[in-house]
Amino acid sequence: QSVFKGTVFDSDNIPLPGANVQVKGTTIGVVTDFDGNFSIEVPEQSTVLLVSYMGYKTREVDIAGKTEATIVLEEDAAQLDEVVVTALGIEREKKSLGYASQELNSDDVTAAREPNLLNSMSGKVAGVQITNSPSGLGGSVRISIRGDASLNINNNSPLFVIDGTPISNQIVGATGAGTQDVDYGNGAAEINPEDIETMNVLKGPAAAALYGSRAANGAIIITTKKGKARKGIGVSVNTGITLENVLRLPDWQNEYGQGNNQQFAFVDGSGGGIADGVDESWGPRLDTGLMIPQFDSPREDGTRGGDLNSSSPIIPTPWVSHPDNVKDFFNTGVTRTSSISVSKAGDLGNIRFSFQNMDQEGIIPNTDLERNSFNLSSALNLTDRITINTNINYIKTDSGNRPSLSYGTESIMYLFIWYGRQINTRNLKNYWMDGQEGRRQFNYNYNYHDNPYFNLYENTNSQDKDRVFGNVSVNYRITDNLSLMLRTGRDFYRELRAKKRAFSTQRFPLGYYREDDIFFEEVNTDFLLSYNKTLSDKWSINISAGGNQLRQKQDYKQTVAPQLINPGTYSLNNSRRPLEISQNNQEKRINSLYGFAQVSFDEKVFLDITGRNDWSSTLPIDNNSYFYPSATLSAVISDIFNLPEAVSFAKVRAAYAEVGNDTNPYRLRSYYQNETPFGDYPVLTESDAIPNPELKPEITSSYEFGTDLRFLNGRINLDATYYHNTTKNQIIPISTDIASGYNSKLINAGKVENYGFEAMLQVKPIVTENFRWSTYFNFATNQSKVTDLGGINYTLTSQNDAFIQARDGGSISAIYGRGFRRVEDTSSPYFGQILYDDQGLPIRTDDLVYQGDYAPDYTLGIQNSFKYKNFDLSFLFDIRQGGIVVSRTKTIGSTSGQLKETLEGRETGIVGEGVVEVSPGVYEPNTVNVDARTYNYRYYERDNVEAAKYDASYTKLREVTLGYTLSGKLLEKLPFSNVRFSVTGRNLLLWTDNPHFDPETVGVSGGTLQPGIENMSYPSTRAFTFNLKADF
Amino acid sequence: TNDFEEINTNPNYAEEAAPELLLPGVLRQMAYNWGNMGWEEGFTVAQYGARLQFTSGDRYLWSPTGNPYNDAYDALRDVENIVRVAEEDENLQNYYGVGLILKSWIYSYLAEAYGDVPYSDATKGYSGDILSPKFDAQSDIYEGILADLKEANGLLQSGNINGDILYNGDVSKWKKFANSLRMRLLMRISDVDNARAVSEMNEIVSNPSVYPLFENNADQAALQWNSDNPQPKYDTRSGSFDEVRLSLTLETRLKELKDKRLVVFAQPTSDSGKGIYSEDMDDYVGMPNGLDDESALSYSPSGNPEESGSNYISRLGVLLTCRACDEENASPTASQTIIMSYPELQFILAEARERGFITTGDVGEYYENGIRASFEYYTDRVIAGGWNTIATAMQEFDIDEYLAQEKVMLTGSSQEKLQKVALQKWIALFYTGFEAWSDWRRTNMPAIVPGPDVGNGGRVPVRFQYPNSVKSTNNSNYQEAVNRMGGDNLSTRLWWDVADNNSSVM
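Protein chains in written order, with the numbering used here: chain W, 1 to 1032; chain U, 1033 to 1538.
There may be inaccurate statements among the hints.
To be verified - Taking lysine to aspartate or glutamate and the EDC-like style, the derived pairs with C-alpha atoms no more than 20 Å apart in a straight line are:
id: 1; chain 1: U; residue 1: 1182; chain 2: U; residue 2: 1172
id: 2; chain 1: W; residue 1: 553; chain 2: U; residue 2: 1037
id: 3; chain 1: U; residue 1: 1503; chain 2: W; residue 2: 847
id: 4; chain 1: W; residue 1: 745; chain 2: U; residue 2: 1153
id: 5; chain 1: U; residue 1: 1306; chain 2: W; residue 2: 268
id: 6; chain 1: W; residue 1: 500; chain 2: U; residue 2: 1267
id: 7; chain 1: U; residue 1: 1290; chain 2: U; residue 2: 1433
id: 8; chain 1: W; residue 1: 228; chain 2: W; residue 2: 384
id: 9; chain 1: W; residue 1: 696; chain 2: U; residue 2: 1037
id: 10; chain 1: U; residue 1: 1156; chain 2: W; residue 2: 688
id: 11; chain 1: W; residue 1: 604; chain 2: W; residue 2: 91
id: 12; chain 1: U; residue 1: 1503; chain 2: W; residue 2: 943
id: 13; chain 1: U; residue 1: 1166; chain 2: U; residue 2: 1153
id: 14; chain 1: U; residue 1: 1290; chain 2: U; residue 2: 1408
id: 15; chain 1: U; residue 1: 1287; chain 2: U; residue 2: 1312
id: 16; chain 1: U; residue 1: 1503; chain 2: W; residue 2: 808
id: 17; chain 1: W; residue 1: 745; chain 2: U; residue 2: 1103
id: 18; chain 1: W; residue 1: 869; chain 2: W; residue 2: 972
id: 19; chain 1: W; residue 1: 553; chain 2: U; residue 2: 1035
id: 20; chain 1: W; residue 1: 745; chain 2: U; residue 2: 1161
id: 21; chain 1: W; residue 1: 553; chain 2: U; residue 2: 1038
id: 22; chain 1: W; residue 1: 745; chain 2: U; residue 2: 1047
id: 23; chain 1: W; residue 1: 57; chain 2: W; residue 2: 602
id: 24; chain 1: W; residue 1: 226; chain 2: W; residue 2: 347
id: 25; chain 1: U; residue 1: 1503; chain 2: W; residue 2: 801
id: 26; chain 1: U; residue 1: 1156; chain 2: W; residue 2: 694
id: 27; chain 1: W; residue 1: 429; chain 2: W; residue 2: 296
id: 28; chain 1: W; residue 1: 696; chain 2: U; residue 2: 1161
id: 29; chain 1: W; residue 1: 764; chain 2: W; residue 2: 107
id: 30; chain 1: U; residue 1: 1503; chain 2: W; residue 2: 846
id: 31; chain 1: W; residue 1: 5; chain 2: W; residue 2: 35
id: 32; chain 1: W; residue 1: 327; chain 2: W; residue 2: 368
id: 33; chain 1: U; residue 1: 1439; chain 2: U; residue 2: 1397
Claimed, not checked - Some but not every residue of chain U turned toward chain W, in silico, with C-beta under 10 Å:
id: 34; residue: 1041
id: 35; residue: 1043
id: 36; residue: 1095
id: 37; residue: 1196
id: 38; residue: 1329
For the record, the hints were derived by calculation from the structure and aren't laboratory data. Yeah, the Cβ is synthetic: ideal placement off N, Cα and C, and Gly gets one too.
So here's chain W without its partners, still in its complex pose (with noise of 0.2 Å):
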């Protein structure tokens, strides 16, 4: 045995740091460090290395009688061997595949220090939308990829696999029973980003045709890291805090206050004063030296105005204004995150532990996330031909409190659209009224509102969380040409959440509790033969069959105790009338079998052709198997024909896939339903949904057409795809007149089509050796189209009078919804103007109107990264042009007299522009001067959608990231053989047209995220991370 020490570097000499060294024929094997040095210990009877690098041609090194040798690997400007996985786990290389894909590997991931890894996606990949939650606080991430397929809204995310298995990223809704909406992120949340070693997206249906219907809208698939061989003992250390602040807030006013009529005094917050249980800002105006009672005035006896249980007199205070009231109220965020992983690999395999602590303030008072994650993972080579790997994933997330989200008083970002913009918000943080602690809270009004501080500090949302997902495979070669690969997975969580309301809430004077307990199990249990031959010197092929067994089981129980008989005990033993329960259990299996032939001619034109069968058992027993096959075809050009020396690499490539689809369970026949008792006597009422014992499968069938091009050497590289997805026999409840006793039926409808073009542009334009810019573009549009709807117009959700509604010829994106009443004669000078009524206020329309969509006409990343010497850095824009975003703040701001636009004419009064009918198609401007208020609740009615959109346009400085890597003579002294520095900023710049808010929001009801929608969002954050990370 002796020690062979080397540099690697490629063409340009530069040193390639973390390139593979490995002795042929052993699994011993070494990385690069940061100068591309390495060393390595070889056995006696070796005498070649294999060096490695991803984008570089492998090289095959003989060391016989050396000990020293600097190795030059070579571009690979086709990256020939780049070796991507795809469905089932398949190793393909890429130029074999004839679909779109794209893939990050775990810099691109880990970089932005994102806490959601769906997050880090956004601009890097072209075609995924993702829209974020409004909650602040490891929310849920809304992505679809190619727009929006099925008409059922939550059937839009792409398959998440992991190492093979998918896994669930769902999103259970926590409505119901008397509270708002929480969000309790989305399961795919949970993924450490530090585990994942490659993530590959699968666009299409045809680059997931093998997994089903649930990848008809893509598959993601993650590859985490296995253990290496390397320097060092192999262990590696990752801390950083990430510090956030509020990114955008509403534009607010501050020259008026709470009131009505330019009045206000305090007397009991609930009417007893003047206008004191008016929650509006059309009070007196602030800073002109008026003295009003206040609820935080003092009175006589020292208690304040708002302690009413005293009835002493409260003395007058200074009526002014606290710009800042609502800024103030946010803290700074900070999350912690330490992350550790050990690996090592030898001749029995290798072996991967890892362990992630991320602990999360939110920027909203007493919001908190801590989520401890751990990963082990090995491979054991029981025998030259037996392999058992192992991946095991334990995730446990807390949290204390998330904050509640929608329209109501749960939510403080209503109570802050109904907020006195005189108040100063530090002093309603002593909530509790003076004696009546744990009774009766303190407040500027006791009509409508809780204090924010009551309402984040005592009526908590809380989740504990304990999910457990990882796999077992046994890949057996059982000849050199014959595979067989047995694989069980399994994703289950147990999640408990508690809700707790304190006496004297708006909603629940007495108090409430209540507990959620939701089990989730998926089981997927698959078998896949392989058989691979070459068959001549250009011909090989490659046959696989497999089958897979789906069972999915979901527990959902609520308790409820609606009133409390102590207060302060959160105990469904100290409940004050009978526990409410409720309970659902669900369950469901597919079984799949399918088949796959790959034929390649020559490495220069691949074929692959697919088929499989489903049984689901959510559909009739009829129509419960459905087949669907899928064809791909690849061929490099550029080794077929002689292409001009520039062109380095040339792939074109087509595909056609089919992808069934089935349901959820029990929609094929009606139940009765529980309801809360009356006194002793049970009550049951039949579900107002008409069942279908008829369903079919939902089938989506999709074509593209892409090509992969390369120029200069690899400088200059392009990859562009057109797509055309068509999912028809949508499994849809359409809405039915209530007078049939029923809300909707359970039918098969409507074809959505959704077409496109996206394209990747990597541009390199300075290569030296010590600096490098590279750039790239990613650039997607999407169409899409719905039909065969049969004339209905079918909502997939609503918010606020907001429709988004799929009609035949329209989008499946558009939002229908009110808007103002106009004239319609185009031979009319008046034509397209706003019509009023006689007393000056303008007429809104009956009838839903068009009023925009929510996807955008394109998406646009643009990534630079430069690294000089040990530096690098990189930024990346986010660009989104088009669609529109309907803002109840808007509305309800407008109307509340809080924003900054509703000083107009508060004294002067307000001379609406447009026009009024004096008769029948005459016209005459509108003179009628109205008062502000009055102006503004008619303007901003809450269901005219066309006064409360936005243009949802907007650039976002997305990521900035300035990292510093240790190298050279200072780490030989370290025991380190990697150490990285870097800041990364997030969200540091937002230009768009809207002054009130992030329009990359989305509403939130139940399970569904409803983009296009804002509705009470907290403002989306700005955030700094300073990270560390070391190899020892």
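With chain W fixed as given, assemble chain U onto it according to the hints.
Chain U alone, transformed into the frame defined by chain W:
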């Protein structure tokens, strides 16, 4: 795949339900809806209450409304399930009868709200695959309702039923409800189909053993709430309760009659500092209906702008108050939801007798019964709520003296008598759905004077507009109904609303 059928069988819920399990849900849902309707349009359009804030409802700026349409048909699905199961089963005939009564009440409610509504095709979405039911003419709906009520009277036999949260299983009371409700609806159509009204009313009142009617307050259809299912206003936020205040109209009319029920229907102003009861009637102050938001919030009863706003205007009665408004005094159970009261029946009989529709009984007796029973009822309710000061005041009130007043005593011309009957009926119909509004539409009594800032061209609405949803889910049938009725406006008159004195244009 052999076990797929079993896997796909819902373990959570049953596929069948006995009528007794459906009955309480239907009653609760509709009583709740009827109670809320009484609070909103029921109070404001008939001017028991006036809006202090968010005044658009009080100003007739009504949007197309989903209520009671949505709740009613949602309940009718289970009514249909009761009727379907019970009709075929000899042992369930009482449930069949009760099902028909509920169906009649709910459809009459719908027809009085909107006019033509789906009836013969309705609730057959699953059993008959009718997703877009046609709308029936009101005359056909009343035809069906009246026949069903008569049939129900015949079906109901002695014996008990279960799941009856209205009468606790007492079938004889259901029978009385069926006939009393039939009297209400016959009176409703008396201007448009007088012959039928007269003949069927006589059929009922001349045959009390076959067609028993309510005989006292204990017979009336009033849902008693319990602490787990409190009266509809009990759980609202205090702001929502406080938005509706005592109407000047109710204040004025009751004060003119020296009517003590004012202390039940309203509370003294906050400014008076008297708590939930004051001996001094001046502490009960109402506000006008139909003010815009600005004027309503700053309304001053005395005219002195220093003394304006909610502090100077009475809240509605402690009987209805919400827990968050007054934790000490609020009661979840004292307020019942009255579907049809015994006093209402007495006033129907009084009107029918005075107008000569029936020949049985004495108009003065019916009238006096109605008034006395109403006082008794509210006395009982304040006792149930434990508000002793109010209870004492009600008990000590001299009803004989009240009845002897010129303005109360049933004297004068027939028209004057009818007006007195209508006024007393109106008082007794406090918080009874929107029954007072329906009566006003039929009789124009007592008068409704729209407030100063009302919309709808200054006209009192005479119906609701259909919910927007039917325009997308059932448009052609909707259009047909609108054409038949002559429009879908707030001023489109209903079939039975024909009396020429009912011209409400200002």
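Against the structure, the hints come out as follows:
1. U:1182 - U:1172: 16 Å, holds
2. W:553 - U:1037: 16 Å, holds
3. U:1503 - W:847: Judged against 20 Å, a Cα distance of about 9 Å means the pair holds.
4. W:745 - U:1153: 17 Å, holds
5. U:1306 - W:268: The given pair, whose Cα atoms are some 16 Å apart, holds under the 20 Å limit.
6. W:500 - U:1267: Cα-Cα ~18 Å, so holds.
7. U:1290 - U:1433: Judged against 20 Å, a Cα distance of about 10 Å means the pair holds.
8. W:228 - W:384: 19 Å, holds
9. W:696 - U:1037: 16 Å, holds
10. U:1156 - W:688: 12 Å, holds
11. W:604 - W:91: Given pair residue 604 of chain W, residue 91 of chain W holds - Cα atoms ~18 Å apart, limit 20 Å.
12. U:1503 - W:943: Holds, at roughly 17 Å.
13. U:1166 - U:1153: Within the cut-off at roughly 6 Å; holds.
14. U:1290 - U:1408: 17 Å, holds
15. U:1287 - U:1312: 11 Å, holds
16. U:1503 - W:808: Holds, at roughly 17 Å.
17. W:745 - U:1103: Given that 20 Å is the threshold and the Cα spacing comes to 18 Å, the pair holds.
18. W:869 - W:972: Holds. Residue 869 of chain W to residue 972 of chain W sits at ~17 Å (cutoff 20 Å).
19. W:553 - U:1035: Within the cut-off at roughly 15 Å; holds.
20. W:745 - U:1161: 10 Å, holds
21. W:553 - U:1038: It holds: about 14 Å lies between the C-alpha atoms, which stays within 20 Å.
22. W:745 - U:1047: 17 Å, holds
23. W:57 - W:602: Distance ~19 Å between residue 57 of chain W and residue 602 of chain W Cα, so the pair holds.
24. W:226 - W:347: 14 Å, holds
25. U:1503 - W:801: Given that 20 Å is the threshold and the Cα spacing comes to 15 Å, the pair holds.
26. U:1156 - W:694: Answer holds: residue 1156 of chain U to residue 694 of chain W is near 19 Å, not above 20 Å.
27. W:429 - W:296: 11 Å, holds
28. W:696 - U:1161: The hint holds at about 19 Å.
29. W:764 - W:107: Given pair residue 764 of chain W, residue 107 of chain W holds - Cα atoms ~18 Å apart, limit 20 Å.
30. U:1503 - W:846: Roughly 10 Å between the alpha carbons, so the hint for residue 1503 of chain U and residue 846 of chain W holds.
31. W:5 - W:35: The hint holds at about 13 Å.
32. W:327 - W:368: 19 Å, holds
33. U:1439 - U:1397: Answer holds: residue 1439 of chain U to residue 1397 of chain U is near 17 Å, not above 20 Å.
34. 1041: Nearest chain W Cβ about 8 Å off; hint holds.
35. 1043: 5 Å, holds
36. 1095: Nearest chain W Cβ about 8 Å off; hint holds.
37. 1196: 8 Å, holds
38. 1329: 5 Å, holds
No hint from the list above goes unmet by this structure.
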